[in-house]
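Go by the hints and put chain B onto chain D.
Same order as they appear, the protein sequences are chains D and B.
Going by the UniProt record's numbering, the first residue of the first sequence is number 1, and it counts up by one from there.
Going by the UniProt record's numbering, the first residue of the second sequence is number 1, and it counts up by one from there.
Simulated from the structure, these hints should not be mistaken for laboratory data.
For clarity, every value in this text was computed on a predicted model and none was experimentally measured.
Check the hints yourself; a few may be wrong.
[To be verified] Here are the computed distance ranges between Cβ atoms for each label pair:
id, chain 1, residue 1, chain 2, residue 2, range
1, D, Ser60, B, Glu185, 33 to 39 Å
2, D, Val71, B, Val140, 50 to 56 Å
3, B, Pro270, D, Phe19, 25 to 31 Å
4, B, Phe192, D, Phe19, 30 to 36 Å
[Stated by the list, open to error] Listed below are several chain D residues computed to face chain B (Cβ distance under 10 Å; list not exhaustive):
id, residue
5, Ala56
6, Glu75
7, Leu83
8, Asp260
9, Ala263
Beta carbons: idealized from backbone N, C-alpha and C, even for Gly.
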Amino acid sequence: MSREPVIEAVGLVKRFGDFTAVDDVSFEVPRGSVFGLLGPNGAGKTTTVRMMTTLAIPTSGSARVAGHDVVKEPEAVRASMGLTAQSATVDDLLTGRENLRLIGDLYGLDRSFVRKRTDELLEQFSLTEAGDKVVKDYSGGMRRRIDLAVSLIAHPSVLFLDEPTTGLDPRSRVELWDVLRELVRDGTTLLLTTQYLDEADQLADDIVVIDHGRIIAQGTPLELKNQSGAASLVVTVSRHDQVRQAAELLRGVVGDVHVDEDARKLTAPGGDVGALSQVATRLDDASIDVDDLGMQRPSLDDVFLALTGHKAEETSNQEVSA
Amino acid sequence: MSAATDAVALDRPAPRASGAGRVRQVVALVRRNLTHIKRQPEMLTDVTIQPIMFVLLFAFVFGGSIKIPGVDYKPWLLPGIMAQTIAFSAFIVAIGLNTDIGKGMVDRLRSLPIQRSSILIARAIGALIHSSIGVAVMSVTGLFIGWRIHEGVVKGLLGYGLLLLFGFAMIWVGILVGSAMRSVEAVNGLMFTTIFPVTFLSNAFARTDVMPSWLRTIAEWNPISSLSQALRDNWGIAGIPVRADAPWPLHHPELATLIWSLAITAVVAPLALRAFNARTTD
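This is chain D alone, in the form it adopts within the complex:
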């Protein structure tokens, strides 16, 4: 297997005056894999992507994309990667087709190739019918798709996506994930930033969590979730007078149980699906009525709580006041 890194960051630092946006970030992304950069707003994700895509110059450290140094060979880097930025940067007043042609022309691609590829991409992103409408009239999901299509016009081997699903409704989000998986199947190497753990979990092979510009955790989604306390088993009991009984019963299965009497809610960190079915049976045997029973997956907040001891939102607030 060829596992040479296609994207490589070594000790990247970016300072704006006194403020350090990115602080000693290093990672490697093997060819054909998906790399997730996870963190709250203001963590330094976008700045990292901007350095990797030649839009910002690192204060120190270095990075290579498709074998080219981002500072010394920016032209070669630009020629081999595609970027979809955080705000969909397609031209509102052009049609989808005109946007694709514009970027194809700017890449200096063969004209007949651009025509062929435009049809291909519109088809792939279910935009064939909308292709001749101005982008202004597109829905949020369609804008994201045309934006992504535009980034793919020159068949880049590396694709950078900065928060590709932020602001999308759940359905468009899942659709976009499917498109991204397809790209990876075709051999594209993907680096994406996200605020959502489930998104990183769905797509990424490797994840780096950053906070205040620093890497605070690194690993596969599974490793990361184990680090942050895996999933919790959550039971909401129907009747107040059965809460204590249910808690005792739960302790017999999973050990540690957190009880919220007012909400009639019991939370057992570290529970798994086996424990879930056991608990279901025992509750049933004891004739305890429940409103809700299930696994609660760790959210980004949980990960942050586990890794840093503070919540994700608090991080961004501190960022603002810094």
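For chain B alone, kept in the frame of chain D given last:
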């Protein structure tokens, strides 16, 4: 398995067309600007409705009370309004560029393997086309109020050439303002409070010789005055004879327009490029 060189090569390289890279980049970007005009023709109001309004306002509302002996005010006014229109090229560039920077379009363009200067060259050409549409509309409007070119094709074209030259210089002002300002509203505010009064502080709409002497000095050195005067001279439009003690630019308006255009470009262009680079590099 594969060598390192394989890993870094493109999977399926897209075929690149050979040669003429820069020209094609600029053409593609200019086409984008023209498509904007096609989709939003109201973008042209600044070079059509607005100057026509000024023509009507000055020719018919104020015109009656602006009496210059021996001068037919309406045809005399028109070159002044053309000069004002071309000065607004700066406005057009500044708004367009600032919008592109603000919306992240410039970043997208910069992430492509293109020359960064293509972005500016295309903006400049787009703005000149935009302004030229305005000058053409003004010319047609002029025909209705008695404006004519009396000195033949060559001198007629020379006049239009001077307009474009001055427009080119103003584009740099636009790039500077568009790059330096943080929002389109700021661009609007700055341009309205500078370029607008500056175009009025000239001989474009009124005679300068009856202004208070301090104001007259400013007005007569104003490049808009040189340009208006040059257009009137080249097109053979009767005006008040230039006073013997008038400053040098009014005695040599073509040369003065040329020098002003080159001087503005020489001073502003490096500042504009620096502002653009600073704004788009971090």
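Here is what the structure says about each hint:
no.	hint	result
1	D:Ser60 - B:Glu185: 33 to 39 Å	holds, 37 Å
2	D:Val71 - B:Val140: 50 to 56 Å	holds, 53 Å
3	B:Pro270 - D:Phe19: 25 to 31 Å	holds, 29 Å
4	B:Phe192 - D:Phe19: 30 to 36 Å	holds, 35 Å
5	Ala56	holds, 5 Å
6	Glu75	holds, 5 Å
7	Leu83	holds, 4 Å
8	Asp260	violated, 44 Å
9	Ala263	violated, 44 Å
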